[in-house]
Amino acid sequence: MFQPQTMSKVNLIVPEHDVVAVTEVLAASNVFHVAQTEPFVSESSQHHTNPWYERATTFTALEQRILAVMKALEINEGSPPSQILHLISPEVAQMEVEHLEEESDAALQELEAAQHKLAQLRRYHSQLEPIADLDVDLDDLRNMQYTFVLLGTIPVTNIERLKNSLEHIPFVLVTLRQQEHLATVILFGMQRDAEILNRAARSAYLNPLNPPEMYRGTPAAAIEALKAGITRTQQHIDESQANIKQLLKLHIRHLRHLLWRVRASRTLVETIAGYEHLRYTYLATGWVPTADIQVLKQKIARVSEKVTIETTEFPQMAPREKIDEEEFSQVPVTLKNPPLIRAFQGLVTNYGYPKYGELDPTPVLAMSFPLIFGLMFGDVGHGLFLALLGLIITSGKIKSLKALSSLGGIILGCGIFSAVFGILYGSVFGFETLLQPLWLRPLEDITDILLVTVGIGTVVLSIGMLCNTVNAFLAKRWGLMLFNHNSLAGLIFYWSLIGIAVKAFGVAIPLNTWILAILALVSGLGLTFSELLEHLLDGEKPLIEGSTSTYLMQALFELFETLIGFLSNTLSYVRMGAFAVAHGAISMVVFIMAEIISPTHSIGYWLTIVLGNLFIIGFEGMIVGIQTLRLEYYEFFSKFFSGSGKRYKPLTLLPNGEN
Amino acid sequence: MARGVTAYSLVNATVRALYAKMIEPRTWDALIHAQDLNALLSVLSKTGYDPYLQVKSQAMTPRRAAYQIRWRLAKTYTKIIRLTPEPGQALLLQLWRLYEVNNLKATLRGIETGASWDRVLYLLSPMDKHTTLSLSDMESMVRSGNIRRALNYIAHTPYYDTLIHALERYHVENNLFPLEVALDLAYRRELWKSINNLSGPDHEQAQRIVGTGLDTDNLLWAIRYRIYHKLSKQEIINYTLPYGYRVQDEDIRMIADGNPIAPIIQRLYPDIRVKSDFEDSNDLSKLETALQRHLIKTCRKAFSGYPFHIGTPTAYLWLNEYEIKDLTMLIEAKASHLPIEMFAPLLVMQPTYQQTVGTTKTI
Numbered sequence: 001m002f003q004p005q006t007m008s009k010v011n012l013i014v015p016e017h018d019v020v021a022v023t024e025v026l027a028a029s030n031v032f033h034v035a036q037t038e039p040f041v042s043e044s045s046q047h048h049t050n051p052w053y054e055r056a057t058t059f060t061a062l063e064q065r066i067l068a069v070m071k072a073l074e075i076n077e078g079s080p081p082s083q084i085l086h087l088i089s090p091e092v093a094q095m096e097v098e099h100l101e102e103e104s105d106a107a108l109q110e111l112e113a114a115q116h117k118l119a120q121l122r123r124y125h126s127q128l129e130p131i132a133d134l135d136v137d138l139d140d141l142r143n144m145q146y147t148f149v150l151l152g153t154i155p156v157t158n159i160e161r162l163k164n165s166l167e168h169i170p171f172v173l174v175t176l177r178q179q180e181h182l183a184t185v186i187l188f189g190m191q192r193d194a195e196i197l198n199r200a201a202r203s204a205y206l207n208p209l210n211p212p213e214m215y216r217g218t219p220a221a222a223i224e225a226l227k228a229g230i231t232r233t234q235q236h237i238d239e240s241q242a243n244i245k246q247l248l249k250l251h252i253r254h255l256r257h258l259l260w261r262v263r264a265s266r267t268l269v270e271t272i273a274g275y276e277h278l279r280y281t282y283l284a285t286g287w288v289p290t291a292d293i294q295v296l297k298q299k300i301a302r303v304s305e306k307v308t309i310e311t312t313e314f315p316q317m318a319p320r321e322k323i324d325e326e327e328f329s330q331v332p333v334t335l336k337n338p339p340l341i342r343a344f345q346g347l348v349t350n351y352g353y354p355k356y357g358e359l360d361p362t363p364v365l366a367m368s369f370p371l372i373f374g375l376m377f378g379d380v381g382h383g384l385f386l387a388l389l390g391l392i393i394t395s396g397k398i399k400s401l402k403a404l405s406s407l408g409g410i411i412l413g414c415g416i417f418s419a420v421f422g423i424l425y426g427s428v429f430g431f432e433t434l435l436q437p438l439w440l441r442p443l444e445d446i447t448d449i450l451l452v453t454v455g456i457g458t459v460v461l462s463i464g465m466l467c468n469t470v471n472a473f474l475a476k477r478w479g480l481m482l483f484n485h486n487s488l489a490g491l492i493f494y495w496s497l498i499g500i501a502v503k504a505f506g507v508a509i510p511l512n513t514w515i516l517a518i519l520a521l522v523s524g525l526g527l528t529f530s531e532l533l534e535h536l537l538d539g540e541k542p543l544i545e546g547s548t549s550t551y552l553m554q555a556l557f558e559l560f561e562t563l564i565g566f567l568s569n570t571l572s573y574v575r576m577g578a579f580a581v582a583h584g585a586i587s588m589v590v591f592i593m594a595e596i597i598s599p600t601h602s603i604g605y606w607l608t609i610v611l612g613n614l615f616i617i618g619f620e621g622m623i624v625g626i627q628t629l630r631l632e633y634y635e636f637f638s639k640f641f642s643g644s645g646k647r648y649k650p651l652t653l654l655p656n657g658e659n
Numbered sequence: 001m002a003r004g005v006t007a008y009s010l011v012n013a014t015v016r017a018l019y020a021k022m023i024e025p026r027t028w029d030a031l032i033h034a035q036d037l038n039a040l041l042s043v044l045s046k047t048g049y050d051p052y053l054q055v056k057s058q059a060m061t062p063r064r065a066a067y068q069i070r071w072r073l074a075k076t077y078t079k080i081i082r083l084t085p086e087p088g089q090a091l092l093l094q095l096w097r098l099y100e101v102n103n104l105k106a107t108l109r110g111i112e113t114g115a116s117w118d119r120v121l122y123l124l125s126p127m128d129k130h131t132t133l134s135l136s137d138m139e140s141m142v143r144s145g146n147i148r149r150a151l152n153y154i155a156h157t158p159y160y161d162t163l164i165h166a167l168e169r170y171h172v173e174n175n176l177f178p179l180e181v182a183l184d185l186a187y188r189r190e191l192w193k194s195i196n197n198l199s200g201p202d203h204e205q206a207q208r209i210v211g212t213g214l215d216t217d218n219l220l221w222a223i224r225y226r227i228y229h230k231l232s233k234q235e236i237i238n239y240t241l242p243y244g245y246r247v248q249d250e251d252i253r254m255i256a257d258g259n260p261i262a263p264i265i266q267r268l269y270p271d272i273r274v275k276s277d278f279e280d281s282n283d284l285s286k287l288e289t290a291l292q293r294h295l296i297k298t299c300r301k302a303f304s305g306y307p308f309h310i311g312t313p314t315a316y317l318w319l320n321e322y323e324i325k326d327l328t329m330l331i332e333a334k335a336s337h338l339p340i341e342m343f344a345p346l347l348v349m350q351p352t353y354q355q356t357v358g359t360t361k362t363i
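Chains as they are written, first to last, in my numbering: chain A, 1 to 659; chain B, 1 to 363.
Keep in mind that the hints are not guaranteed to be accurate.
To be verified - Simulated coverage check for chain B against chain A, where a stretch passes if three residues somewhere in it have a Cβ under 8 Å from a Cβ of chain A:
| id | segment |
| --- | --- |
| 1 | 163-173 |
| 2 | 226-235 |
| 3 | 293-306 |
It should be emphasised that the hints constitute simulated quantities derived from the structure, not laboratory data.
The beta carbon of each residue, even a glycine, is placed where N, CA and C say it ideally should be.
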């Protein structure tokens, strides 16, 4: 609970013919974190391209093609299947994709062609309409001997330019109909100028309207024929769409399954491509929680008896000289906490992962976060409301709240502590007459609450420094443990200064001022020369960087900075008291407003109370949550938590909920 | 005037600070004389382009390097657009759209040649914000593998109507020329409209700077269509713009009519001496270089005199663009180990090198 799970490094020497089966087992087991390795290039292998990478490329291309078919058929991906997916042969997958593409392409092309034809017929129709009243045979227009005629559409912006370009050529350009961007025009000229007129019209983007030869007679007759054609084409489109729907029903499951299988295969071959490859064997390296090693070995043994498995446990407190520091820093981290506090794990990992061997701050956060929140949000009613909300979210019964599922436990915890502090403050939905406070009322005892919160802040910061000291101890970095600003020296310095300050305010404590002063001085000296002392203890050279005078100047400034930091970090917790007071004050405002709206305490009064409380829970609850997070991340975590650990991501062929 | 001061003081101050950080002549010399691409990138890493070159060395191909430095322009446009008040901001947004149009053309070319998305991606200009055409739109277009289907992915953009109408010509002629010309003309019409929506000093400056840029394009198109594509007079007129700052419709018509080109250019740009008839394909690129240098001079002039207008930010953005164009040329030249004499005459931004090699104002 207080540290990440112990991990073991696993090296698997896998015969070539078993590599796929073994990798499938590794993925199915969901415990094997593949280690990044430097590619091993042997003299023989460097001349060959990795066939697994080629397969991965093939699968990537197939995936894109399947997605294109699904998009064309308007099918979504669906959710990943729950059963284990095995490697599909690229050739088989290719054949299946081609078959699906053929079927869907044929149907889609038919539909597209019909839609194109419909659009064309409608275009002809809209273009013939302006000349519907013209009592001239279309054949006569087509076969004019001396007059050049061109009927078509042109962008409106090009009409003037076309006219200008034909300034020395006899012509007539009539606009039959003008819409927003396009105009239907008819261009007349002389047949002897046909080539010039055609080139000019083409360059002006005058697209000719050439009703197919089958449309004969007058424009009116052609229009009637077009209307019949439009109706027929529309029917054809309806039939094509029905065919596609049928296709959809037939293939939807298959397409989705194929997609996920291809994806899984891609992940599988990409993983194998990352293994080191010797002539007939593969070397797979990864990390597995030590507790899961035996089960994994048994699963691998079931698929291959020839796999050699070498495991090296990395205890979190291994003696330093036995550890390769670089390798230690590569160990991935997985947190394992009991269900009650697991909800707060997300808050830790949101900041970062602890390094392997360091403390997992989740248990401390699980106590401090709801405590700080509760102190700022103390009200029985508000707390119980939040707790109920947290319970509902955690149950997962309301689909629309599923997105908040990771917050359910946190809200529940914060709600409970808010209710507890509500009892201590004697507040129920802002009513302060229903309960007697067991401790104090923040609005009436402002100084007390502020002092208490400073005290709480001192404790929280001290816990942070203790955690840093423990981390240094676990890493066997004695210098860091003793002399770092956030370790033992810093802690002693901090508490001795607090002791002196408290004594200065007349509070009796069982330590002589001189002793406190000596402690402050000694720890202060330790902090001032921390870098030198750390290097001395850890055997690092040089002892100081740069010149002695520069070092001394820097050291003094750093000490001053540490002092200021202690003060500001401690005083930062005053905001807890301020928010506790504000919580009471906002409730008071709600009551004042309710009185104004309805002095006789009728329905308006109660409506205001209800809405006001909802506002407080929602708005102030969010602000208090943010402030709590800020105190935890900025004041507390910064004392000991780097968050630079590597996340444990076990190999899986398909995305799962946890990922 | 007071409104101009309050409206443009912040963007003016920002632009001047950015202007001061443009590449100096000394650095240009170092870039030109760099031994190879790595040496060039090393010099460039000491300039404001450094943050954009933080890519693993194996991935830093010439194409990737050119793509990375274009990010600086994208970030600069975003910053300056944000600071510029209306209606000047609308002009800058329209100027920015040029890169979107170019990206669209590159995407269409990619589809036409069957290129993969990976190859097309680094040919594009990165566009930070203020786009109607996203990277995923363009990727979908390339992956569709077909121009007609690709256009379905841009139905939400202002380019759709233009392209869908021009598509018929594409199908008949089986090349991208009609699509690209349609895009170019439509874009520049909108740009001219944006200029005319301005008034006062903004309008005057925008006409001078942006109008000069439009003139360059218009003039080069007319010459190219006549000399190299051998198009008819009507086609030349339809494929060019009827307006500009110095270059008017009459000038374009005279070129389209087959009149000698040199006197027309001489009249329009007295400081550019033209002797050739543009028989040699190099002559047009020399003219293009000369016109670009003329534009750069015009942009630099915007930094003197009354500064509180759209001219300063516009001029800076165009100078930045030409700086990047020159850098791109240098990247390609150094990657191909071309001798300095081959590419130096085509650089437009650095006057000092001109002095050492000799100006090439006479074409």
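| Counting residues of the segment 293-306 of chain B that have a beta-carbon nearer than 8 Å to any beta-carbon of chain A, does the count reach 3? | violated (count 0)
| task | Mind taking a look at whether chain A covers the segment 226-235 of chain B? Criterion is 3 or more residues with CB to CB distance under 8 Å. | result | The restraint on the segment 226-235 of chain B holds, since 5 of its residues have a Cβ under 8 Å from chain A and three suffice.
| Mind checking, does the segment 163-173 of chain B have 3 or more residues with a CB under 8 Å from chain A? | Held - the segment 163-173 of chain B has 4 residues with a Cβ nearer than 8 Å to chain A, which meets the minimum of three.
Figure legend: structure checked against the earlier numbered hints; the only hint not met is number 3.
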